[in-house]
Amino acid sequence: MKTESRLEKVLAAGHLAVTSEVGPPRGCGIEIVEKKANLIKDYVDGINITDNQTAMVRMSSIAGGVIVKQMGLDPIIQMVARDRNRLAMQADIIGAYSLGINTMLCLSGDHPKFGDHPNAKGVYDIDSINMINMVKNMRDEGIFQGGAEIKNPPKMFIGAAANPFADPFELRVARLAKKVAAGVDFVQTQCIFNLEKFETWMAGVVDRGLHEKVSVLAGITPMKSVGMARYMKNKVPGMDVPDEVIKRLEGVSKEKQPEEGIKMAIEQIQRLKECKGVAGFHIMAIEWEERVHEIVEGAGLYPRPEV
Amino acid sequence: MITAEQKPLQEIIGYIAPYGKILVVGCNECVTVCAAGGRKEVGLLASAIHLDRLKQGKTIDIKEITLERQCDPEYVEELVSSVGEVDAIVSMACGCGVQTIASRYKVPVFPAVNTKFMGASKSQGIWEERCQGCGDCMLGITGGICPVARCSKSLLNGPCGGTSDGQCEISPDTPCAWRLIWERLVELGIEDRYEELNMAKDWRPAGGAGPRRIIREDLA
Amino acid sequence: MENFEPEIVAFCCHYCAYTAADMAGSKRISYPSNVKIIRVPCTGKVDALHLMKALEKGADGVYVAGCLEGDCHFKNGNIRAKARVERVQKFLEELGWETERVTMLNMSAGMGEVFAKTAKEFTEKIKTLGPNPVKLRKTKAV
Chain A
1 MKTESRLEKV LAAGHLAVTS EVGPPRGCGI EIVEKKANLI KDYVDGINIT
51 DNQTAMVRMS SIAGGVIVKQ MGLDPIIQMV ARDRNRLAMQ ADIIGAYSLG
101 INTMLCLSGD HPKFGDHPNA KGVYDIDSIN MINMVKNMRD EGIFQGGAEI
151 KNPPKMFIGA AANPFADPFE LRVARLAKKV AAGVDFVQTQ CIFNLEKFET
201 WMAGVVDRGL HEKVSVLAGI TPMKSVGMAR YMKNKVPGMD VPDEVIKRLE
251 GVSKEKQPEE GIKMAIEQIQ RLKECKGVAG FHIMAIEWEE RVHEIVEGAG
301 LYPRPEV
Chain B
1 MITAEQKPLQ EIIGYIAPYG KILVVGCNEC VTVCAAGGRK EVGLLASAIH
51 LDRLKQGKTI DIKEITLERQ CDPEYVEELV SSVGEVDAIV SMACGCGVQT
101 IASRYKVPVF PAVNTKFMGA SKSQGIWEER CQGCGDCMLG ITGGICPVAR
151 CSKSLLNGPC GGTSDGQCEI SPDTPCAWRL IWERLVELGI EDRYEELNMA
201 KDWRPAGGAG PRRIIREDLA
Chain C
1 MENFEPEIVA FCCHYCAYTA ADMAGSKRIS YPSNVKIIRV PCTGKVDALH
51 LMKALEKGAD GVYVAGCLEG DCHFKNGNIR AKARVERVQK FLEELGWETE
101 RVTMLNMSAG MGEVFAKTAK EFTEKIKTLG PNPVKLRKTK AV
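Residue numbers (this note's numbering), protein chains in the order written: chain A, 1 to 307; chain B, 1 to 220; chain C, 1 to 142.
Take these hints with a grain of salt, some might be off.
Within a straight-line C-alpha distance of at most 25 Å, the following computed SDA-like cross-link-like pairs (lysine to any residue) qualify [to be verified]: (1) C/K53 - B/H50; (2) C/K53 - B/K122; (3) C/K53 - B/G57; (4) B/K40 - C/A83; (5) B/K55 - C/K75; (6) B/K122 - C/K75; (7) B/K63 - C/K75.
Covered stretches of chain C, as calculated for chain B (at least 3 residues, CB under 8 Å) [stated by the list, open to error]: (8) 41-53; (9) 127-136.
These are computed hints drawn from the structure, not numbers from a lab. Being a predicted model, the structure only gives us computed values, none of them experimental. Even for Gly, the Cβ is constructed at its ideal location relative to N, Cα and C.
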């Protein structure tokens, strides 16, 4: 075992892992994080706390992670390349680990243009792949990116994002291979609606034996409404929502759409359980955390295993 | 070339408001090519300033000179005979030229253009950013396409997950640099290059270590 | 100013607008004598600076008259002229001048009536705008 991460333990024991996420508030106070974490705590092996998602300022992922840790739960912090240079990243990583955080995601970060401070300078000192490599060397070699020794190095379980749906498609397996070579332990994919495409990507991943080096957690997002489905199809970059999904939601009344969305999420999980190389699921139920338990239970993933 | 765009007229007029005799200096190189500060633009700016002053019932004396370049002291020296007669200089060159003039003459110097980026022409009238002067050119390993200047996040191991129809998430008009790099590597038959890890950039040659300079011992 | 007679400068291309002006003359269709015609081989020869200088020297209105779009004798000289007129209009807007003082017109060689009509309309328009602000300086000085 490389770390104390519960996620690592669950995966090492051969179980399908489940993670979900909590978006921290756009203001101070611990209540919102506690409330959301409480809704999902028994149904997941790790709770992601996003990092200034869509370039909108929120409570920092590390602060949110500490709140979750203090509740006795398992935080997964996220760190984007957009907001910190390598000094700040490493300082935050050793600080976070010292406060009990042992799992983190290394991401590029949405461009500042999308957020509430488009006039800010995006840092982008190092990219997500170099960040992965940096955290791996901090953990396994005990050295900072600049080469000096770390007193008491952080043992982080390292994650990243993977998007099988962005283009060009031919690149997407090679990109995962790059992250694996850099030292990533697990990836959480972009939410999946086009199952065929995802399965094609997974076949490419398995073909190269990458599934044995990295644990792939398939991203699942339940649709609340057909409006949400259309928005994600047309307005969100890198998202692939097939017409069948829209049609299925159009086929039920507005009041029944949320139920249908939850049903579809459960069906997706059931199907992907059979997909070779899938090591677990990352459920992104944005502002809908109260339904996560239904999805986990409905997919036969409750209770979470003892490790 | 270095590209630039003329500042709003009111801003330039604001700078020279206190002065009755000015010199407008153009540059025959980069700003001529991007039609921002060459001889023609000097003429147009002088004319516009005249129209503005005349409307106010005031006069202004404007000398118009276009130098071969403004970034070499030898060329800037050519203004010496004209500077004595003016109260202010408006330079239509890039920031390099404006500063060279300012370092030589005790007269106030004002920029008439906003210097933008190092770019190349796509076609007439269209210039695009190509280089950010990072001081450690990696074009040899990215198929001739620069990820520092052309990727919105300067990723050295891109693309990120935001590519949409081959374009960058920030705009459908901006190609994803890494998609371009990938296509070029494929075209050249060297797509294996893609999986080699490009190490974290040393930003010192890019200006991270302070204002840069080059000294050629054999020439200096 | 009640007796204001504007001075209008019209850059007319040899192949179309100038010929149209000629036709107006031969058909005895009158147009205001305020309009001073400058013949150019093609409106593409007219530079933004010519328009600016005309205004600087006191012209109350300036127009560029070329062939109909698509029919320019030199292919797209009239298109370039239009772009330059628009550029000058943008300068005028930034300077707080009336952008209507400069405009682009298109007509074919046979359109004598059009030449006369547009010359008249433009002159009337400039009358309502008043004299070139440059001239006010001279009256102010008095």
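Within 25 Å, alpha carbon to alpha carbon, are B/K63 and C/K75?
violated, 37 Å
Taking only the CA atoms, is the gap from C/K53 to B/H50 under or equal to 25 Å?
holds, 9 Å
Residues of the region 41-53 of chain C with Cβ under 8 Å from chain B, three needed, outcome
That given contact holds, which follows from 5 residues of the region 41-53 of chain C lying within Cβ reach (below 8 Å) of chain B.
Is B/K40 within 25 Å of C/A83, Cα to Cα?
With Cα atoms ~16 Å apart, B/K40 and C/A83 stay inside 25 Å; holds.
Has the given pair, C/K53 with B/G57, been kept, meaning a C-alpha gap of at most 25 Å?
Holds - the C-alpha atoms of B/G57 and C/K53 are around 17 Å apart, at most 25 Å.
Pairwise hint evaluation, B/K122 against C/K53, where the allowed Cα distance is 25 Å at most:
violated, 32 Å
Hinted pair B/K55 and C/K75, Cα distance within 25 Å
Distance ~38 Å between B/K55 and C/K75 Cα, so the pair is violated.
Mind checking the alpha carbons of B/K122 and C/K75 for me, to see if they're no more than 25 Å apart?
holds, 23 Å
Report holds or violated for chain B covering the region 127-136 of chain C, Cβ cut-off 8 Å, minimum 3 residues.
Per the Cβ count (3), the hint holds.
In summary, the numbered hints that this structure violates are 2, 5 and 7.
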